[in-house]
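Asker: Line by line, the protein sequences are chains A and B. When you line the first sequence up against this note's numbering, it's residues 42 to 364, in that order. When you line the second sequence up against this note's numbering, it's residues 90 to 333, in that order.
Simulated from the structure, these hints should not be mistaken for lab results. As the structure is a prediction and not an experimental result, all values here were calculated from the model. Please note that the accuracy of each hint is not assured.
Straight-line distance between alpha carbons at most 27 Å, and here's what the computed DSSO-like set of lysine-lysine pairs gives [as the list claims (entries may be wrong)]:
no., chain 1, residue 1, chain 2, residue 2
1, B, K218, A, K228
2, A, K90, A, K110
3, B, K210, A, K228
Partial list, derived from the structure: chain A residues whose beta carbon lies under 7 Å from chain B [to be verified]:
no., residue
4, M42
5, W44
6, V46
7, Q50
8, F147
9, Q149
10, S152
11, R252
12, S254
13, L255
14, A295
15, M297
16, N299
17, G301
No residue lacks a Cβ here, since even glycine has one placed at the ideal position from N, Cα and C.
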Amino acid sequence: MTWIVWRQQRPVFITLVAGLAVAVVAVLVLRASMSADLVARNLVDCAAKGLEACMGPAATEFQTAWFDKMHIALATVLAAPVLIGVFVGAPLFAREFEQGTHALAFTQSVSRTRWMATKFLVAALPALVVVVVYQLVVHSWLDVAGQLGPLSTGEFYFTVFDSRGVSPVAYTLFAYTLGMFAGALFKRTLVAMTLTLGLFVVVRVVVGGVRESLITPTRLISGDVAEPAVADRGPLVVRSGYLDAKGNVIADPAPMMNCGSKADAQGVVDTAACYRENGLAQRYADVIPTDQATTLHLLEGSIFAGLAVLFVLGSVWAVRRQV
Amino acid sequence: MSQREHPPVLAEGLGKKYSRGWALRDCSLEVPAGRIVALVGPNGAGKSTLMGMITGLLRPTTGRISVFGDEPNGRGMHRSVSFLTQAKPLYPQFTVAETLRYGRNANPGWDQAYAEELVEKAQVPFAAKVGTLSGGQRTRVALALALGKRPRLLMLDEPLADLDPLARESVLRTLVQECRTQGITVLLSSHVLAELEDVCDHLVLLADGRVRLAGDVSALLRANAQHRTLSQLALAYMRMEVAA
């Protein structure tokens, strides 16, 4: 049975491997060229410490030359799952129904369930491996740029977060099973491809919007009301604002921040003093700390994995049902 | 043995309704073992629907059907049944040898030597891609795939429809020869009544979704002495149906 599916999926597999090979070579060439540039501009230390630690225009010039290229590479990691869903998942059963070859498969002694399971696994495994390898290669490039590259935007910036950890695998599983289910249900490749693309984008945007509520945030408090509670770009700020003297969140601090008329003789406003006078005692920020990024990856990934399980069950139902 | 107890196909009050209406209604029939059964009827009479329900590809709306005593379901076809449709679905990108390997992988009772022998007899090159074969060659490969499974019931839905007269003759001859020597029950649907003449010994005539005539061909001819051949008999019944 494995041979049959392998034989059917061979062109897809060759395309995946060829695509991966081209992409990996391109990334490695860019990585080598960028490493050389870092050395030439004497920025190797700087990459570890970040832009603020660097002197001179070299770091800025380096970013102008490389930052967008690296972001584009991240974008391709984000696009890989949906491509797998559209071009590997969607045609998996839809093409059989379109060609009429499902009638051939259904009239052999092998049960439909086993046929499905084999097709599912043999098509999915190479696709997942390709996504993981590509993800690792791209991140090996980003690591070289360090704090001069997109990683400086912090763990939680969407292009960084969505292309790291288990996320690409979870998205790929989701896209692939979504395509498979749509194909088994509607029996039309084009319909399945379109639905996969549309639904994938919608679900990713929606889950991406609410994922920060999956973790109870940690509250950081700053006694200096003029300064934000979080200085660096690492943690994900869920909410921020002001606390009164009792430590309660002030729902609408805007009227208490009206300090424009409190200028002294030189026209300088002591904002902090003015805020305290108005009753703004402390600043707070509810954040998800950087070290909880892995937890958030796993929590979000489990949502997509759960959806994937539902789609697999849906596909089993759709393929086994008799019309 | 279950095959003695259970006939290849037994239908009771079988009916199938599509959204456009009933395709088959109130169909009760038995396909006896070891016979070559002609399933005839005008277009839309319900022939393909009946075959679809025997394979389990379609689910009956009413009634019951059993195939060697088992009820066909969506999990997979009965091991002793082979099915060949008019479209003869095969993977066009597979070679002939790969198609036989497909049969071997997908069927535990597969007889590789026999399937290869059938392909050799048909003089189809093993290395050729199925998509490049002529209609006749495709049919012979599909037949080898169906027979290589060593079925006890072979169903053929319009297997000759897209073949030229020479290919029809050779396919039909192979079919009858193989099935007679191995005692395979055959259910064969066709529009061309003349070619069923010397082949079939049992007749099931469907019209307008109902069974109009069913039985042993020689017994039917004795009972309807005004018709001398199977095709005359079937044609007369179909005309009556259209007139009614």
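Asker: Given a cut of 7 Å on the nearest C-beta pair, is the interface hint for Q149(A) held or broken against chain B?
Answerer: holds (4 Å)
Asker: Holds or violated: is there a CB of chain B closer than 7 Å to the CB of F147(A)?
Answerer: holds (6 Å)
Asker: Can A295(A) be said to touch chain B, with a Cβ gap under 7 Å?
Answerer: violated (62 Å)
Asker: Does K210(B) pair with K228(A) here, judged by a C-alpha cut-off of 27 Å?
Answerer: violated (37 Å)
Asker: So, as I understand it, the hint says G301(A) touches chain B; can you test that by seeing if any CB pair is closer than 7 Å?
Answerer: violated (72 Å)
Asker: Would the hint on R252(A) stand, with a C-beta cut-off of 7 Å toward chain B?
Answerer: violated (38 Å)
Asker: Between the alpha carbons of K90(A) and K110(A), is the straight-line distance 27 Å or under?
Answerer: This hinted pair holds, its Cα atoms lying about 21 Å apart.
Asker: Is the shortest C-beta separation between S152(A) and chain B less than 7 Å?
Answerer: Interface hint status for S152(A): holds (4 Å vs cutoff 7 Å).
Asker: Under the criterion of a CB-CB separation shorter than 7 Å, is S254(A) in contact with chain B as hinted?
Answerer: violated (41 Å)
Asker: Given L255(A) as an interface hint, is its Cβ closer than 7 Å to any Cβ of chain B?
Answerer: violated (38 Å)
Asker: Taken at face value, is the distance from the CA of K228(A) to the CA of K218(B) at most 27 Å?
Answerer: Since the Cα atoms of K218(B) and K228(A) sit roughly 25 Å apart, the hinted pair holds (cutoff 27 Å).
Asker: Any CB of chain B closer than 7 Å to the CB of V46(A)?
Answerer: violated (10 Å)
Hint compliance for this structure: hints 3, 6, 7, 11, 12, 13, 14, 15, 16, 17 are broken, all remaining hints hold.
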